[in-house]
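Enquirer: Sequence:
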Amino acid sequence: MRNGEIEADRLPAPECRVSFWGDREVSMTRKAFKYDMQRGLGSCVLELQNAQDMEKFRSLVLWGCSRDMAYDAQCEGCRSVYLYQLITQFPDTAPFLDVLEKRLFQCRRSQGWEFLQDCEILSRFALDGERRAWNTLRDCYREMLQLLYRERKCIKDGLLHNYESLCVTLVTIRPGMYQRLVGDIGFLIKNNSLYSAADFAWFQAVSESRVGKKAAHRILYHPDAREEVRAYGRSMEECRERWDRAEAGHRKSEPKTADEIYERLKEGEGAASPHLARRMMNQGRQQEVAKLAEYYRDEEEPALRFRLLRMLAGRACAGVLDIERLIADSRSEQDEFAARAFDALSYIRDRRVREYAYELLRSEKHRAQAVSMLAANYEEEDREVFVHEVKQIPITYGDGAWHGVFYDAMGLFSGPAKHKPRELLPYMYKNTLCSFCRAYVVREMGRRRMLTKNMLEEMRYDCNEEIRGYAERKLRRL
1 MRNGEIEADR LPAPECRVSF WGDREVSMTR KAFKYDMQRG LGSCVLELQN
51 AQDMEKFRSL VLWGCSRDMA YDAQCEGCRS VYLYQLITQF PDTAPFLDVL
101 EKRLFQCRRS QGWEFLQDCE ILSRFALDGE RRAWNTLRDC YREMLQLLYR
151 ERKCIKDGLL HNYESLCVTL VTIRPGMYQR LVGDIGFLIK NNSLYSAADF
201 AWFQAVSESR VGKKAAHRIL YHPDAREEVR AYGRSMEECR ERWDRAEAGH
251 RKSEPKTADE IYERLKEGEG AASPHLARRM MNQGRQQEVA KLAEYYRDEE
301 EPALRFRLLR MLAGRACAGV LDIERLIADS RSEQDEFAAR AFDALSYIRD
351 RRVREYAYEL LRSEKHRAQA VSMLAANYEE EDREVFVHEV KQIPITYGDG
401 AWHGVFYDAM GLFSGPAKHK PRELLPYMYK NTLCSFCRAY VVREMGRRRM
451 LTKNMLEEMR YDCNEEIRGY AERKLRRL
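Residue numbering for the sequence shown follows the working numbering, beginning at 1 and increasing consecutively.
Hints should not be assumed to be uniformly reliable.
Stated by the list, open to error - Once the Cα atoms are required to be at most 20 angstroms apart in a straight line, the calculated PhoX-like pairs of lysine-lysine come out as:
| id | residue 1 | residue 2 |
| --- | --- | --- |
| 1 | K420 | K391 |
| 2 | K190 | K153 |
| 3 | K291 | K266 |
| 4 | K256 | K291 |
| 5 | K31 | K430 |
| 6 | K430 | K420 |
| 7 | K266 | K256 |
| 8 | K420 | K453 |
| 9 | K213 | K190 |
| 10 | K453 | K391 |
| 11 | K365 | K391 |
| 12 | K56 | K31 |
Keep in mind the hints are simulated off the structure, nothing from the lab. All values reported here derive from a predicted model rather than from experimental measurement.
With the hints as constraints, model all of the structure from the sequences given.
Expert: This is how it looks when you write it as structure tokens:
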């Protein structure tokens, strides 16, 4: 359970769920509404637009406003637009603003994404002329600025990140505030040694896209700029110089050959970057990577073999690894060791991997890992088993195994469409908690002419911006 959500690992009964797959004759139950809202599906917005009794869903939307609704906000973004769409279907938005205002101040030090979600929803109200929303953002900004100014030790909570999130929100809706914001940040940097421009790299990147890189540069380095603005600019230049020196030093000290890497790995866990082997592959040094794979195959010390496997288990390098050794390591009693071996096996197409996947499925052990290996070795005759096994993986917040399985299943559709399990596409669409993955599913359904007008109408209100845009473009062509 995450943030009080009901963990749902299967669809509600069909009679309880209004879907874009058919006509909207039966109203959604609260259970079905919550299930779809957790996934960010547009069915919830359409239900509120058409429901005879929308009040039965008010408490569910209020519940959604009091927690981070995204499965992975870092890749799919916050669900702020989606929640705003739901909120504004109700004639009285005051109860929702009450919750958002309360949560905004309560979450100032939280380390999740709820604070940014609240900021973005309130910013949409502010853009629509809701003065209360703008005042809430302004008051929260002032309080957070004062809290940061008074900090005298590095506290690892979310206050600084959330302040940056609020700055990003403000400069997004009002680019003209950039000069005021960098002045306030410069004030912090001048008066508190805890902070530097390195803490505001995201804000600066967003600002340069909204204001313009040249315009932002003119503001920072104008001869008549306030001292606080210049302090921010100086700190930004110092940070860039430090980053460049650190990057150059890191690359200079990096081991160049498999033998050097092996010796470094003997020294300890952090002796070599786990991404080094992938970079070597990209640089055309495949022979050195192959030699590392030999070290992995022959190494008898489990701890050292694990360090080698960490470097080689990714998609770029897995193909050079010894399959029998990987299968043996996947049976390790050390969970992380076994997980790395399974990761590598899921990228390898080989008869032995396919046989091992079926062995695991028959034993009902490591089902998710077995399905991923079967995806890498998919044949036409696997279709029925593959579809069945994908649908057996529980879809929950606590266990993300389904997420990897869905990703690998989607990978099947990157090639020609013949004999691919297309019946999995609507299943993944309706059940995935990740809207980033759902956007891929929607495109694949579109390529296969599986999208009807009703489906596209629902997608117009999806939580995912890419899906909304895709549906709008498709509908214009109908």
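Enquirer: None of the hints should be skipped; say for each whether it holds.
Expert: Here is what the structure says about each hint:
1. K420 - K391: holds, 16 angstroms
2. K190 - K153: holds, 16 angstroms
3. K291 - K266: holds, 16 angstroms
4. K256 - K291: Distance ~13 angstroms between K256 and K291 Cα, so the pair holds.
5. K31 - K430: Judged against 20 angstroms, a Cα distance of about 15 angstroms means the pair holds.
6. K430 - K420: holds, 19 angstroms
7. K266 - K256: Holds, because 16 angstroms separates the two Cα atoms, which is no more than 20 angstroms.
8. K420 - K453: With a Cα-Cα distance of about 24 angstroms, the restraint between K420 and K453 is violated, given a limit of 20 angstroms.
9. K213 - K190: Violated - the C-alpha atoms of K190 and K213 are around 24 angstroms apart, more than 20 angstroms.
10. K453 - K391: Violated, at about 27 angstroms.
11. K365 - K391: holds, 16 angstroms
12. K56 - K31: Roughly 11 angstroms separates the two Cα atoms, so the pair holds.
Violated hints for the displayed structure, listed by number in ascending order: 8, 9, 10.
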